[in-house]
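With the hints as constraints, model all of the structure from the sequences given.
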Amino acid sequence: MSFSELFLLVPASPLLSGLIWLVVGVGLLYLARPGAHHAIAAASRLLHHACKLAASSVLLAEQRLKQRNNEVLLAAGREAAERIIEREFERIDASVQRDLAEYPALQRQMSEAITRLEQDYHASSEVPPEPPAWAKVVDAVAKIAPREPVVGEILQDIHESMVRAQRSAIEQYRNDNSKRHRILSRMMPLWRRVARVLGEMDKRVTHLLERSTSIDRHMASYEDILSRSPRAERMLSSSSLTQFFIAGFVLAIAIGGAVINFHLIARPMQEMVGGSSFIMGYKVANIAALVIILVEIAMGLFLMESLRITRLFPVIAALDDRMRVRMIWITFSILLLLASVEAGLAYMREKLSQDDASLVASLIGDRQMAAVAANQWITTAAQMGMGFILPFALVFVAIPLESFIHSSRTVLGLSAQGILQMLAFLLRLAGNVFRHGGAMLIRLYDLLIFLPLWLEERLHARKKPAVENAVVTEGQS
Amino acid sequence: MSRIFLLLTAAVTLLLSACSDETSHSRGVYMLLDTSGTYTRELDKAQQIINFVLAKLQPGDSFAVARIKTGSFSEKDIIARVTFDGQPSRANLQKRQFREEVDKFVANVKPSAYTDITGGLLQAIEYLDEKNPGRKTVLIFSDMKEELAAGYVREAIPLQMQGFEVVALNVSKLRSDNIDPREYTDRLTHWRQRIEAGGGSWRVLNDLERLEALFVD
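Sequences listed follow chains R and C, in order. With this note's numbering, letter number 57 in the first sequence gets 105, and the count goes up by one each step, no holes. With this note's numbering, letter number 79 in the second sequence gets 93, and the count goes up by one each step, no holes.
Think of the hints as simulated: they come from the structure by calculation, not from any bench. Check the hints yourself; a few may be wrong.
Said to hold, decoys possible - Covered stretches of chain R (chain C as the covering partner; in silico rule of three or more C-beta atoms under 8 angstroms from a C-beta of chain C): (1) 306-319; (2) 322-329; (3) 390-404.
Don't be surprised by glycine CBs; every beta carbon is placed ideally from N, CA and C.
In structure tokens, the structure reads:
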């Protein structure tokens with residue numbers, strides 16, 4: 049029995065059949081109304097509560113994640129601040145050892161210069177000329193017998209002697225003055241030396257003061273982090289995001305370099321491992337080229353770790369200095385070897401390209417090859433140079449890689465937090481939609497059976513006055 | 015220590031052998047040259063195509079050139095064949111030798127009386143199936159008009175061409191085609207139907223300036 053046969057209760061009139069079905073349907077819906085209302089309300093309540101519960105759980109998870117993110121962020125920030133402060137102290141230590149180790153020598157230079165200055169100062173002091181001691185004797189002799197010719201001669205002799213003595217004294221005085229001037233002029237470089245030593249000391253002390261100011265600043269932010277202040281959290285979060293994008297940008301550049309490197313060695317690799325074998329759909333030559341580049345990057349990472357520039361591997365950081373230095377030399381030697389291999393491969397690539405070009409030219413009949421080949425050495429040299437330099441350039445990938453890895457933890461945490469917040473919002477929205485949707489469905493249900501409901505209401509309205517009248521009559525009687 | 019080393023070597027060998035790719039990524043090209051009647055004068059164009067194919071093929075690919083004559087279902091009709099070495103420099107050397115062989119053939123070719131295209135195709139199928147490359151291409155440098163000598167049975171033989179791509183090159187129009195062009199289209203349609211019935215794909219490439227289209231994936 050098909051659906052149309054079942055539907056057509058009155059085979060001649062589909063309209064009548066439809067009306068009968070409508071009446072039956074509305075009647076059934078009217079009869080099932082209280083139960084249907086309860087079922088719809090219960091379902092909407094259930095879904096609303098389920099969504100609400102799920103939203104609460106998601107929010108709780110988001111809060112936990114936020115807390116965890118903050119802990120990780122603060123721990124990373126603390127570690128970074130400790131590292132910076134440690135470096136600053138190392139610098140100060142080096143500076144103190146370098147500068148203050150010379151301090152006794154400087155002090156000795158200073159005291160020597162000061163002693164010499166003092167001696168020179170004393171040596172340059174002016175000694176007043178002594179008055180002649182026999183001047184009083186001459187005066188006494190002159191008073192004895194002023195008219196005696198002998199006395200006159202004596203006085204004349206005395207006078208001449210005095211003039212000579214005066215000349216000699218003036219000569220002596222001039223010589224002394226000249227000596228003093230020489231001493232004073234000799235003091236000038238000493239003064240300059242003292243000023244230079246003092247200036248040098250001042251510079252070094254200022255440098256130390258600057259370092260101490262920087263340490264103060266770092267210590268302040270370190271204390272902020274330790275006290276888990278919101279300001280520190282904000283700063284670390286923003287710093288992480290900045291680091292993430294900058295490191296990502298630098299890594300993209302490094303990937304570009306690695307791709308160029310790959311193209312430099314992939315073709316000549318076919319000469320070594322063959323160009324027709326495949327592993328998992330990829331040419332073995334390409335895989336070999338990629339492996340060489342990855343080994344170079346790995347060696348670069350180890351070199352940076354051994355140099356204590358990055359701290360990705362705690363095992364390497366914890367090695368004793370002798371072993372670390374050995375590791376530096378080993379990784380550097382391997383890198384040098386690989387760079388030399390790459391330079392050789394780049395040379396071979398150029399040779400292969402020339403061979404290919406000459407073959408194609410002979411097959412197609414292109415005679416312009418010779419003209420191009422004249423400047424071929426430039427590209428050969430450039431390719432060899434790139435083949436040698438790029439492995440060393442890739443060593444520095446370790447620095448942005450470390451920043452990227454550390455900052456990506458924060459960025460991933462923040463993204464997960466955002467996703468959870470969005471999920472919680474959607475769940476709350478869905479819960480509200482279910483709650484109000486249930487109410488709307490009840491109204492729609494009533495709308496479908498509006499006719500029996502209207503009749504019911506009319507019947508109630510008619511019954512109500514009759515009952516009220518009966519009550520009033522009973523009251524009067 | 016040596017045991018550990020042996021175990022590690024065994025594990026790595028096992029891993030590499032498990033990862034090794036058994037799917038063939040190479041290409042096999044078989045070119046049929048029509049040497050019947052006046053078509054021998056068109057062979058310089060065929061050389062041009064052969065050189066182009068040689069320039070495009072990679073290490074590991076296979077290439078064979080065979081002539082179509084009275085009875086072409088024979089290894090003796092293969093003028094030159096090669097599977098290029100994995101090393102690019104050796105492959106280039108093989109290409110140069112291949113070209114020399116083809117040049118020698120073109121210089122000394124004598125026209126044949128009949129054109130056994132089906133026989134050539136059967137030989138191509140056999141050769142390429144034996145090589146089993148990843149992509150199988152048959153190039154037919156001919157006017158596609160089959161003329162069989164008495165006693166040669168070809169029409170009733172079905173062509174098993176699953177995975178084959180057949181490209182008809184430089185299909186020149188005959189004098190009779192000019193009188194009734196339907197002959198030309200009927201000839202091409204007949205071959206298309208035969209190839210496609212065998213499970214292969216069919217293309218016609220008359221413009222030799224567009225040879226790049228031969229190797230479009």
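Outcome of the hint check:
1. Figure legend: the stretch 306-319 of chain R, annotated as covered by chain C; annotation consistent (3 residues with Cβ-Cβ distances under 8 angstroms, at least 3 required).
2. Evaluation of the coverage hint for the stretch 322-329 of chain R: fulfilled, as 8 residues show C-beta separations to chain C shorter than 8 angstroms, against a requirement of three.
3. Counting residues of the stretch 390-404 of chain R whose beta carbon lies closer than 8 angstroms to any beta carbon of chain C gives 3, which reaches the threshold of three, so the coverage claim holds.
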